[in-house]
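Start from the sequences and build out the full structure, keeping to the hints where you can.
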Amino acid sequence: MNIGVDDEILLTELEHHSNLVPWQLLAQERGAIVRYVPVDGDCSLDLDAYDALLTERTRLVSFTGMSNVSGGITPAKEIIERAHQAGAVVLMDGAQSVPHLPTDVQALDVDFLAFSGHKMCGPTGIGVLYGKRALLEAMPPFLGGGDMIRRVTLDGAEWNDLPWKFEAGTPSIAQAIGLGAAVDYLESVGMDKIEAYEHAIADYALEALSEVKGVSTLGPSAAERGAVIAFTVDGMHPHDVAELLNRDGVAVRAGHHCAMPLHQKLGLPATSRASFYLYNTFDEADRLVAALRRAQQTFGLA
Amino acid sequence: MDDLYRELILDHYRNPRNKGRLGEADISHEDDNPLCGDHIRLDLKLEDNRVRDVGWEGEGCAISMASASILSERIKGKSLEELGRLGQEDILEMLGIELGPVRLKCALLPLKVLQAGAHGLAGWPGDEGE
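Protein sequence lines, in the order shown, are assigned to chains A and B. Sequential numbering of the first sequence, starting at 1, is according to our numbering. Sequential numbering of the second sequence, starting at 1001, is according to our numbering.
Treat the hints with caution; some may be incorrect.
Listing some non-contacts, in silico: residues in chain B with all C-beta distances to chain A over 10 Å [what the hints assert, rightly or not]:
| no. | residue |
| --- | --- |
| 1 | L1008 |
| 2 | R1014 |
| 3 | K1019 |
| 4 | G1020 |
| 5 | G1037 |
| 6 | R1050 |
| 7 | G1060 |
| 8 | A1062 |
| 9 | I1063 |
| 10 | E1082 |
| 11 | R1085 |
| 12 | E1098 |
| 13 | R1103 |
| 14 | L1121 |
Listed next, with one range per pair, are the computed distances between beta-carbon atoms [claimed, not checked]:
| no. | chain 1 | residue 1 | chain 2 | residue 2 | range |
| --- | --- | --- | --- | --- | --- |
| 15 | B | D1032 | A | E81 | 41 to 51 Å |
| 16 | A | G41 | B | G1023 | 52 to 62 Å |
| 17 | A | T124 | B | A1122 | 27 to 37 Å |
| 18 | A | R294 | B | A1122 | 51 to 61 Å |
| 19 | A | D286 | B | G1120 | 51 to 61 Å |
| 20 | B | S1028 | A | L47 | 43 to 53 Å |
| 21 | B | E1030 | A | P220 | 32 to 42 Å |
| 22 | B | R1006 | A | D147 | 28 to 38 Å |
Simulated from the structure, these hints should not be mistaken for laboratory data. Just so you know, even glycine gets a beta-carbon here, dropped at the ideal spot from N, CA and C.
Shown next, in the form of structure tokens:
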């Protein structure tokens, strides 16, 4: 990427650490500046602030397609369009959105899209980076080794065609086959169906959770989100909530979910988080609620 | 329903003993558990090298808060030398529970703060041999 001194990289406060730290490292290395689009109370991006932060110094905009904390689906098309108007290249972090929503890189006109295998029923240790052909062709390889060359002499080397130029060495064969199978599986179910099912189960779970006294959920309404639901319980630390639910057979996670800046913004040290996917049932949402009530009883809160 | 949250732990969590800052403490130290954001500050007043009074403040889960509360009761009257001998097993014995590696840190944070304040020790209790 052509990022130099005083150039700006524009991210958002919603991001997972994996879409913050690499850019902070790059900015340190190049003397560039990282700026952040703020979020409001329900963790939606402030698009007016976004417009104000986009300047002729903005070289790159990178944002998540879906928050892994609030579940909020970001207005990707709008973000990309405005970035392009400002002359910036856009990378979308699809690690959360690609497994849960239909994704059309051409309709989005996104320059780069990244996502991970293990978030979508596939193996760990593999991910995908999509890039527009012209951009990838203009980029030098980042790793040298076998397969990424067309010809090597003692004086130098010629690079192979895309995508091999970026695939030095023995590929992750088993992981690639596993991820391919996962993609086939999700496609056979239908990404439209998965999206609709997640909206329905999020709607149901949010409604059920709203009836539990002392429980607050983060993020927007079911129509604007995926089915990951972070919540807090009055009088209970998120780690105690998770510990009790886990011991009761309901697997939830507690912590900052690799999104410390977002938690700091919300004034929360941590949250508990339930994640629903295509294999979860409405009955399991009921079991979450029942286990939460039992946890509150254990703490003498209900 | 659950041994981890036995009555002793919940009692100390809901009704923490010795909670609050001490004015003019002889020893004052604070630390966080970066894994979960738990925070403890401990104040000690000494007399003849023994703990005359103790106060603590903190934010965190029931295990870390109960551990701080129980520890604060146990260390009153103890000499600094005796405090230095307190280790991981003593905390687990005071709490009366068994813990996995993650929650163990919650339980040990108050002792870590105590040992750092009283004896300048930097590591986690129980990690000495590693």
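Status of each hint after checking the structure:
Every CB of chain A is more than 10 Å from the CB of L1008/B (nearest about 14 Å), matching its label as outside the interface. Residue placement check: R1014/B does not keep its beta carbon more than 10 Å from all beta carbons of chain A (closest about 7 Å). The beta carbon of K1019/B is kept farther than 10 Å from every beta carbon of chain A, the shortest such distance being approximately 16 Å. Residue-level check passed: G1020/B sits 20 Å from the nearest beta carbon of chain A, beyond 10 Å.
For G1037/B, the non-interface assignment is contradicted: its Cβ lies about 4 Å from the closest Cβ of chain A, within the 10 Å cut-off. Distance to chain A confirms R1050/B as a non-interface residue, since its nearest Cβ pair spans about 33 Å, more than 10 Å. Chain A draws G1060/B into its interface by the beta-carbon criterion, the shortest separation being 6 Å against a cut-off of 10 Å. Interface exclusion of A1062/B from chain A breaks down, the closest Cβ pair being 5 Å apart, not more than 10 Å.
For I1063/B, the requirement that its beta carbon stay farther than 10 Å from each beta carbon of chain A is not met, with the minimum near 8 Å. Every beta carbon of chain A lies more than 10 Å from that of E1082/B, the smallest distance being close to 31 Å; the non-interface claim holds. Separation of R1085/B from chain A is adequate, the least Cβ-Cβ distance of about 29 Å exceeding the 10 Å criterion. With 10 Å as the threshold on Cβ separation, the claim that E1098/B sits away from chain A holds: the shortest Cβ distance comes to roughly 13 Å.
Not every CB of chain A is more than 10 Å from the CB of R1103/B (nearest about 7 Å), against its label as outside the interface. With a least beta-carbon separation of about 25 Å from chain A, L1121/B lies farther than 10 Å from that chain, consistent with its non-interface assignment. For D1032/B and E81/A, the Cβ-Cβ distance of about 42 Å falls inside the hinted range of 41 to 51 Å, so the restraint holds. Against the hinted window of 52 to 62 Å, the Cβ-Cβ separation of G41/A and G1023/B comes to about 39 Å, which falls outside the hint.
Between T124/A and A1122/B the C-beta distance comes to about 34 Å, which sits within the given range of 27 to 37 Å. A beta carbon spacing of about 40 Å between R294/A and A1122/B contradicts the range 51 to 61 Å that was offered as a hint. In this structure the hint that D286/A and G1120/B lie 51 to 61 Å apart at CB holds, the actual value being about 53 Å. The hint said 43 to 53 Å for the Cβ distance between S1028/B and L47/A, and at roughly 47 Å that hint holds.
Judged by the Cβ atoms, the range 32 to 42 Å given for E1030/B and P220/A holds: they are separated by roughly 37 Å. Hint check: R1006/B to D147/A, Cβ distance near 59 Å, so the stated range 28 to 38 Å is violated.
Checked against the numbered hints given earlier, this structure breaks hints 2, 5, 7, 8, 9, 13, 16, 18 and 22; the rest are met.
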